[in-house]
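Trainee: Sequence:
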Amino acid sequence: MKYVYVVCFLLIVVLTTLFAFQNSGAVNLSLLFTQITLPISVLIVLIYFLGMFTGGLLVTLIRALLRRMSQKTDNKV
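Residue numbering for the sequence shown follows the numbering used here, starting at 170 and increasing by one per position.
Take these hints with a grain of salt, some might be off.
Stated by the list, open to error - FRET-style restraints, in silico, Cβ to Cβ:
1. 238 / 191: 44 to 50 Å
2. 238 / 190: 45 to 51 Å
3. 200 / 229: 40 to 46 Å
4. 191 / 224: 22 to 28 Å
5. 242 / 187: 48 to 54 Å
6. 196 / 238: 42 to 48 Å
7. 226 / 191: 29 to 35 Å
8. 177 / 204: 37 to 43 Å
9. 183 / 239: 33 to 39 Å
10. 172 / 217: 27 to 33 Å
11. 215 / 179: 20 to 26 Å
12. 170 / 234: 36 to 42 Å
Don't read these hints as lab results, they were simulated from the structure.
All values derive from a computational prediction rather than experimental measurement.
Where a beta carbon is used, it is the ideal one built from N, C-alpha and C, also for glycine.
With these hints in hand, go ahead and build the complete structure from the sequences.
Mentor: Below, the structure is given as structure tokens:
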């Protein structure tokens, strides 16, 4: 089973490296008064991590809301 994990890890590394090399073209990113030039692959990775952060934050907020609602209903009964 250890070899399966090693093969999967190496496959992910190879695919990530290929992705970075094939998407090395520059993109201009403008936000308000700033402008940044960076490779497409870096932009995609940044957007991915931003989505992970906002999704995790949303799940955390929903769980807290549900926990508060369940505590309120437990106190009423």
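Trainee: Give a verdict on every hint.
Mentor: Structure-based check of all given hints:
| no. | hint | result |
| --- | --- | --- |
| 1 | 238 / 191: 44 to 50 Å | 48 Å, holds |
| 2 | 238 / 190: 45 to 51 Å | 49 Å, holds |
| 3 | 200 / 229: 40 to 46 Å | 26 Å, violated |
| 4 | 191 / 224: 22 to 28 Å | 26 Å, holds |
| 5 | 242 / 187: 48 to 54 Å | 52 Å, holds |
| 6 | 196 / 238: 42 to 48 Å | 43 Å, holds |
| 7 | 226 / 191: 29 to 35 Å | 31 Å, holds |
| 8 | 177 / 204: 37 to 43 Å | 39 Å, holds |
| 9 | 183 / 239: 33 to 39 Å | 47 Å, violated |
| 10 | 172 / 217: 27 to 33 Å | 29 Å, holds |
| 11 | 215 / 179: 20 to 26 Å | 25 Å, holds |
| 12 | 170 / 234: 36 to 42 Å | 40 Å, holds |
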